[in-house]
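**Student:** As a plain string of letters, each chain reads:
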Amino acid sequence: MKLQGKVHKYGANIDTDAIIPTRYLNISEPAELAKHCMEGIDPDFVGRMEKGDFIVAGTNFGYGSSREHAPIAIKEAGISCVIASSFARIFFRNAINIGLPLLECAPAEEESEAGDILEVELKSGKIRNITRDKLFQAEPYPDFMMELISAGGLIEHTKKKIEARRRQGEI
Amino acid sequence: MGKTLSEKILSQKSGSDARAGDIVVAQVDLAFVQDGTGPLALRQLAESGIEGVADPKQVAFFLDHASPSPNRELSQDHALLRHFALKNGVQLWDIGEGVCHQLVVESYASPGEVIVGADSHTVTAGALAAFATGMGSTDVAIAIALGRTWLRVPESFRVVLRGKFKKGVYAKDLILHLIGKLGADGATYKALEFCGRGVTGMGMSERFTIANMAVEAGAKVGLFPADETTRAYLESRGRGERFRLLRPDPDANYEETIEVDLEGLEPTVSMPHAVDNIVLAKELKGEKVEQVFIGTCTNGRLEDLAVAARILKGKRRHPSVRLLVAPASRGVLMEAMAAGYVKDLLEAGAAILPPGCGPCVGIHQGVLGDGERCLSTANRNFRGRMGNPEGFIYLGSPATAAATAIAGEIIDPREMM
Chain R
1 MKLQGKVHKY GANIDTDAII PTRYLNISEP AELAKHCMEG IDPDFVGRME KGDFIVAGTN
61 FGYGSSREHA PIAIKEAGIS CVIASSFARI FFRNAINIGL PLLECAPAEE ESEAGDILEV
121 ELKSGKIRNI TRDKLFQAEP YPDFMMELIS AGGLIEHTKK KIEARRRQGE I
Chain B
1001 MGKTLSEKIL SQKSGSDARA GDIVVAQVDL AFVQDGTGPL ALRQLAESGI EGVADPKQVA
1061 FFLDHASPSP NRELSQDHAL LRHFALKNGV QLWDIGEGVC HQLVVESYAS PGEVIVGADS
1121 HTVTAGALAA FATGMGSTDV AIAIALGRTW LRVPESFRVV LRGKFKKGVY AKDLILHLIG
1181 KLGADGATYK ALEFCGRGVT GMGMSERFTI ANMAVEAGAK VGLFPADETT RAYLESRGRG
1241 ERFRLLRPDP DANYEETIEV DLEGLEPTVS MPHAVDNIVL AKELKGEKVE QVFIGTCTNG
1301 RLEDLAVAAR ILKGKRRHPS VRLLVAPASR GVLMEAMAAG YVKDLLEAGA AILPPGCGPC
1361 VGIHQGVLGD GERCLSTANR NFRGRMGNPE GFIYLGSPAT AAATAIAGEI IDPREMM
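Chains as they are written, first to last, in the numbering used here: chain R, 1 to 171; chain B, 1001 to 1417.
Excised from the complex, chain B in its bound form:
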């Protein structure tokens, strides 16, 4: 019997014949924390009595959730992480560098690796065929200290993508559609493994968007095969030598197979207060919003800003809509400036925020007022997510977001293209 991608990676990293259901101890190639979960991890490390880190090159800290810090307490947390990083030789990505998951795919992740992060959207790096999964602070603290972790090898769902997106339809629409189909716990403990012609035709940015949201269906990991697109991406990031072809065996055992025809998809929106609460964008026509947010580890990449800029170029945001844009990393912001997208967005009335998580986590920047509605390109719309339990969050693609910013109400972006 052949192996799924999950079984292949975990076999290699545990030095065993890993099969779904097995518990393995795997080598960890990268263990990371962010400023929300990091202080607790350091506290647990100190508490455990284990000194130092296994290998500082395989550990990274990211200050992205409160970036820059809005208050004294968070500034103290940042200082704690900076101090530990300096003392132990750990690489720290300070405020303004970007969202941890974007920086992980830009600078670390490669096919066949095991990555654990104290943040649920660590699954983003699965797009590069890395077994990347989110854990709590204590688990990641132990991985930082020992360079390994225990994992249950997940059963896999095979998601076969066919065809191509129609104009105005994007990876975000696909993953929202899939989560709606699976439900918020439809893939709990499972691996989602994407394959098919639809994957071959997809760029890395789209794959990141899809892998990023695998956790919204409960999945432990969202994996893509490593192919020529992966190779080209790694080469562009200066680590082409770490590429290797990686795909599941043809006779691997999958618990379920789900097929999606990309051509059949339409712009899709997730309604408050659950990600699996999906409808087509056109069904929400007339639903007014007060804020639009474009950014995050889901949709804050150059390709996303390009789509938004193309729609907004030469137009203005609706006078009653605030338009916030947070590029996912400093690199993205610089490229978006060079390409002219930042100018287009500013001329359309956008407020450009520093690279980082921005308003997505409700700590600072763009907290909603009571009863206000926001169309966001983020990955979660739970009650209170953007800092106010009386706010309402809709999730959609950058195209839907840009079109909504112009219309002042949720709209199918194809009406503006």
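So that you can see chain R by itself, here it is in the shape it has in the complex:
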């Protein structure tokens, strides 16, 4: 599966309060959360972005609070993948759990600018900057993580597993 879109670029240490401010934590409807994506640091983001675009950021993306609302807001806004030099631990796990793809790749971050067009292949971890004609390689996902992401996250994955076991008469 190839993803294509343009780059929205941010620096290092983008915290979850920047991605979705605390005052929106009472919202659990993903489409509503999406309306406030990146509002803490970039209030025009939602109006400017298009479905399929990428967020490209520096080190420690998503640090701070454990709010899963942050990756949900990004995913529902239509961002196809976040590419960063590194991710904070809780955010990384949350993103995989809700089915938001992440790629860790410092060179891609260093050599891509806002507005560049990228083409990304998740399974192989290949990131192509079409604007600058450059190819980057991120660490590809282990198979089980790719399965989680393709299923749309941990809950969907668990449901499928339960359903499969049910069909086979195990439960």
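Below 20 Å or equal to it, Euclidean Cα-Cα: the simulated DMTMM-like pairs (lysine to aspartate or glutamate) are: (1) K159/R - E1051/B; (2) K161/R - E1051/B; (3) K159/R - E1047/B; (4) K123/R - E139/R; (5) K35/R - E1073/B; (6) K160/R - E1047/B; (7) K9/R - D44/R; (8) K134/R - D116/R.
No lab work stands behind these hints, which were simulated from the structure alone.
Starting from the known structure of chain R, fit chain B onto it as the hints suggest.
**Tutor:** Chain B only, in chain R's frame:
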């Protein structure tokens, strides 16, 4: 090869020989959510089709972030959590009881346990030698449903503390100093394991402050050994029988060793808008503030209120500074009243807020105005954290906060002691 504290606890809870880098499935002794992350966890539970909870005694809900609720939407979230708790026999700590992390250490956590909470400061309970870590709503929902979770066993950094704090210097100054040294992602995915003479001489309240902020350097857990201080604390909380000695093996493998001489530390402040942006308090002399906030899971305990009350007793807050105090739990508030600290604080011009997260998360109570500066004893100073992206948050110890409230500007607390 011996084991780190993390490896010991996760070996026992997974029934395997767990080593750093291994992925284990561990039994969970307590899984909890708060009112910000809980509704999403319940939604994920309903969505997954898994009915009920593994063991209601090992699940807790806390209504602390919006306490009491300031609006209709949050009231609805609270109602949802209360309803689920009642139906499933889960213990719910309602508004006014206190911050989840304080209640977890007061009433649940014990050495060797695995605790997962849908809140990043779950690491606080590491001070009691529990492997306590924050996760998202979905992970905690699955832990609530199944009573177990998967974890990658972290590599550990050994933090050796030597000596004693000088007068006017506290655990908060140490952890701010350490985060400044490590950087906001310096310990990402790692365990911080504290040891040395400096730990032996430290009370539980100080250990909680330090463990609480381990996550601000990216750490998965901040662990202290279980020693006589831990035993005394658990006994005072009525669960002495759950104490056991727990310390890392002398030949455990550490990725890094960091040494800190407590005597060399001075009152330290973190500047907007990043926790690792630290300076010494004296370097900020003259920096005016409009608000001072004393409280939170980092520094809202009895010992913290005692330090603040001692400095503020018989004095007044600066006329242009608002002084807000939120005790970390109802128990803390009651003890602070009995000790006379609440009276001292009120006489100094403080507004006492109900136990809970208070202004720390910017949902209610003490939201900053545009351009306003606040010296807070909390753990985060991100832009917008206190409800307004145009506000500026400085982090410091309760002593620095109290002295700043009197001076109207950031000041080294030793000038007031």
